[in-house]
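For the protein sequence lines, the chains are A and B, in the order given.
Each residue of the first sequence is one higher than the one before, counting from 1 in the numbering used here.
Each residue of the second sequence is one higher than the one before, counting from 1 in the numbering used here.
None of the hints are false.
Here are some of the chain A residues that sit facing chain B, going by a computed Cβ distance under 7 Å:
{"#": "1", "residue": "K50"}
{"#": "2", "residue": "N146"}
{"#": "3", "residue": "I189"}
No lab work stands behind these hints: they were computed from the structure.
Keep in mind that this is a model prediction, so the values were computed, not measured.
Glycine is no exception: its CB is placed at the ideal position from the N, C-alpha and C atoms.
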Amino acid sequence: MNTTSTDKNTIYIKGIVENDFAVLQKIYDESLPEVIKYVKRNSGTLDDAKDTFQEGIMVVFKKAKEDRLTLTTSFHNFLFMVCKRIWLKKLTKKGKKEVPFEEEWEFSFEAAFEEEFLNSKKWTLFNQKFQQLAAECQKVLKMWFNKKSSKEIAAAMDYTEDYAKRKKYKCKMGLTELIKKDALYKDLIAK
Amino acid sequence: MAFNIKTLQQIQRYLDGEMNASERQTFEQTMAVDEELAQEVVLQRDLEKLLADTPENELRRNLQILSNQVTKPPSSKENWKNFIWLFPLLLVLAIWFFSTSKDKGSAEISTSTTTETLGIPVETTEILLVEDTLNTQNIESKTPKESSPTVTDNPQNKTKKIPQKDTTKQYIYADKTEKPSDNTSIEAPMLMAGPSLINHDFFAPLPFLDSLIAQNSQQEEFQLSILQKLPDTLTLEEISKINPLFTATLSLTQVLNFSTSETGLYLYPNHIFYWKENHPWDFTAAEVEETAENTYKINLMPNLNLEPGLYYYALRSSKTGSLFFIEKLVVLE
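The shape of chain B in the complex, shown without the other chains (with noise of 0.2 Å):
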């Protein structure tokens, strides 16, 4: 049987039980001989149960999160250990430089390295997830942090290559983004994604995310117009009632890779983890279409269904993580 729009509707009948007898069992004797329907059939009914927003759904949402978080194997403190080793023999080789070529060079080698073994202190972890959410998400901001002076980052390492500093990079934000105190920090930033959420600030700022906010008319490549700016406080009955809820136009003016099915208005929680996974509140919640050549108008529509808290929106790239406009919105009680 040829796939074809009809083929998809008689199977959709088929699912909902809509057929009558002897319509079903016309349609069950043909999938026993048609292999190809059979498949269709399972596809059409799979397409429905994995794609729907159940609650089963929404777990595997989640542990996909928390997967992707995981980069390098959480026992990295054992990993460290693996190149322990590596340090008095490097000290060894210094000492040994030092004495046979009283070169100045060669006591840097040796503190360097020193720093780095020390260098995992937990004042390192903002700056490095700063770093690396600017590197993944290749945001198109005028002024990137790229050249930003990290702990770690000492020039005279560039001599000795030792493995534990990426390491620790990429470890750094698949653990724990805000370290508080030990125990606290499992239960304390984690908190805001799933219906439960206990003890978690949801009126946070994120401090990253603001000065993206600061950087929003440094932009040459387009101009957004903003039609219906939305207050910066609202609350849940005053969102019910404004349609759309934000409305803007972009028109570019140098020619970006923007494609409206990639790029949306998307509405994300106080926490970075959203952010960096792009993993907004409501896929669905905001469309952009295009109205004129290089001219694009954006609509967020209500229905959220928010919660309290503090939640920053943002017209962006599924694909490349291209920013193009962020801001903040508190939504009160």
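One chain only, chain A, in its complex shape (with noise of 0.2 Å):
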């Protein structure tokens, strides 16, 4: 491998790291075209193939984040060999096909999967429901869940304290009940 393609690699992985909305994009111009046709060769859709992709993407992201990425291929060929691997884990499950043993593969990698593709769908219906909850309910939520304190809450709102405190747990408890009532959060934790 060349100087060249280090250096692409570096700011491919550096770019999902800080996530770089123009790197992202060429990351999708680039290699995605290649999982859809790959995942639709394997019986699945355009739509199995983008969350394949994300999901990919995911794992470079927690790799890099928790020790050094060093790549021995390309970028491209890299993450089209996680997305491969994921979208046949996906197949294995749905009891379509054997993962092959692959030579030169990083397996570690495999355990990351299975976390991120509950992840990813789980950050979907939390986000759908999240958003159905009235405008006040939202913002009291977001605080919260950005670690600020009732009394920060309060003084954002113009609330008491005590309020806050209600408050947050009212529009907790409404979040919880709309995600519980949705048939794919039983299917999620059945998984």
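Put the two chains together into one complex, using the hints given.
Here you go:
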């Protein structure tokens, strides 16, 4: 592998870690088509491919944050490999395919797949329900999730501290109920 | 264990590490036998983890935006090729039609098909983009561009339906929105989202949103009185001093589907994707509260952590995309 592709790899990985939209766009442009082709050839849909691709990038993000990720191939090949393994794993779950053993593949990655699969499903569900809450509740919960104290919430919302405490639990209760009512949640905890 | 606010508070204390050793032990023992409680603990832990503004969740959000842009396989050029065999066939058909019934319509079929084959010129990009945005967002304006003529829209085409047209239409904005030149297009328009923004012109206006601003006063269904209007230009320091930034009351003169939880005053950076995806700068920036029947008070709070640039702020329904009001603001260093 020459220096330019090492540089390129660094740029891509850094772009993912720093959430640089331009780099992400480039990754989508360059690498998604191949993943779509692969998934579609292997009994998947466009949406399956997009989900797989997103999960692939998230896995790279986590691995890159945990320890320094040194690639022995181009970023494009690497990401394709990750996505391919993720998709094969999903197929196996559906009982459709065996995941083949692959040489030169870092199998420690695969533990992250399952977790990311669940997390991305939960993230979508939670955000969808969160958007259904009243604006006031969204605001209170956002502050709470971002580790703001009841005192800070009270100040920002012009509440008394006592009311802020009750309000945040009330809002979270509402959100919890919305989520639990959804059939998708039952699916997720069954896994 | 029945789930109520008390349980929720207890779970929270457990997750925040506020229980003492014996309390913790009892709680964990209950969890071990009460599957429902155990699931609840996981859910509450996940909620915090996945809804906080962590780098991880911000990344997920951007990936979601990018994925939503892809409505057709990016290899649309290849799809195009899949249908290329149709054209000689159509041409032959047209010639046959022409020679059998010397009808002038036949010539038009073949010419219009050719226009369509070549009908992906860059010039159409913007028209299609605007049209599509209008369709998906369902903007309630009095002068919709529904019938705006597009280059590809040739009435004579109706006789022969060819799938390519739709493919192009959907793909075009899945592709880059503006195309200055092929190489830079990847970098140029998209650079505005993340914290590292290179090259992008933060002050470039969006003609599409500018045209919507011009339609602000043409609404009959409601009245918007702006109590405290924002100046067109503000410095970061000025913004930090005004609280609330913007106040207005909205009274509905006709019954509209209006709900305070779905409608808000949102602030968008100057890129069409933020608008299209309804992905504002800060979801929690503004609030809308009902003060009397059909009357609402709208407040835009500060603490937006803005960066210098051009922004559009709009009173808009997050569910239907209905637009009540839009204005722009230039933020200076």
